[in-house]
Amino acid sequence: MQKIIITIDGWSSCGKSTLAKQLAKALGYVYIDSGAMYRAITLYFLRNHIDWTDNQEVMEALDSIHLHFEYNEKSAQSEIFLNDENVEYVIRDLVVAEKVSDVAAIGAVRTFAVAQQQKMGARKGIVMDGRDIG
Numbered sequence: 013m014q015k016i017i018i019t020i021d022g023w024s025s026c027g028k029s030t031l032a033k034q035l036a037k038a039l040g041y042v043y044i045d046s047g048a049m050y051r052a053i054t055l056y057f058l059r060n061h062i063d064w065t066d067n068q069e070v071m072e073a074l075d076s077i078h079l080h081f082e083y084n085e086k087s088a089q090s091e092i093f094l095n096d097e098n099v100e101y102v103i104r105d106l107v108v109a110e111k112v113s114d115v116a117a118i119g120a121v122r123t124f125a126v127a128q129q130q131k132m133g134a135r136k137g138i139v140m141d142g143r144d145i146g
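Per this note's numbering, the very first residue in the sequence shown carries number 13; after that it's consecutive.
Keep in mind that the hints were calculated from the coordinates and are not lab data.
Some hints could be false.
Stated by the list, open to error - When the alpha-carbon atoms are kept at most 30 Å apart in a straight line, the in silico DSS-like pairs for lysine-lysine are as follows:
| id | residue 1 | residue 2 |
| --- | --- | --- |
| 1 | K15 | K86 |
| 2 | K28 | K15 |
| 3 | K37 | K15 |
Stated by the list, open to error - Each pair of labels, with its calculated beta carbon distance range:
| id | residue 1 | residue 2 | range |
| --- | --- | --- | --- |
| 4 | G40 | N98 | 11 to 21 Å |
| 5 | S76 | W23 | 18 to 28 Å |
| 6 | A117 | H78 | 14 to 24 Å |
| 7 | Q89 | K136 | 33 to 43 Å |
| 8 | Y101 | D75 | 37 to 47 Å |
| 9 | E69 | L31 | 15 to 25 Å |
| 10 | L106 | T30 | 15 to 25 Å |
Glycine included, C-beta positions come from ideal geometry on N, C-alpha and C.
Starting from the given sequences, assemble the full structure and let the hints guide the process.
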């Protein structure tokens, strides 16, 4: 069977993520969590003391970020990797949660995240949900 890209859109809190995760698991596809991507970027900014009000500093930082997802059979979920480090659980930290909205609001960050999603999509065999699925 040829692998495809499946995107799920809908109203807030209507079950998009739940459906996407279950569908990815059933098909053996990777689930792309766009929210996790923004959290991983925020984690990178925090760890590297990036001033996200400085556009030049943001652009330079984004050039150093590589994101990808891998399916973990033990946990039965896709996990996000930031520069080859599994950060799936680290990004759920309160410090990251408090800053992710600020970072996600930056235009360059959103453009970067969409480009990363499109790059992941080129490989096919993925399920995505959210507003930035480009």
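Status of the hints after comparison with the structure:
Distance hint between K15 and K86 is fulfilled; the C-alpha atoms sit about 23 Å from each other, no more than 30 Å. Simply put, K28 and K15 have alpha-carbon atoms about 20 Å apart, close enough for the 30 Å limit, and the pair holds. Simply put, K37 and K15 have alpha-carbon atoms about 14 Å apart, close enough for the 30 Å limit, and the pair holds. The given range of 11 to 21 Å is respected by G40 and N98, whose C-beta atoms sit roughly 20 Å from each other.
Evaluation of the 18 to 28 Å hint for S76 and W23 yields a failure: the beta carbon distance comes to about 36 Å. Checked against the hint of 14 to 24 Å, the C-beta distance between A117 and H78 comes to roughly 22 Å, which is consistent with it. Between Q89 and K136 the C-beta distance comes to about 20 Å, which lies outside the given range of 33 to 43 Å. Checking the proposed 37 to 47 Å range against Y101 and D75 shows it is violated: the Cβ atoms sit about 26 Å from each other.
Distance hint check for E69 and L31: the Cβ-Cβ separation is about 38 Å, which falls outside the suggested range of 15 to 25 Å. Look at L106 against T30: about 24 Å separates their beta carbons, and that is inside 15 to 25 Å.
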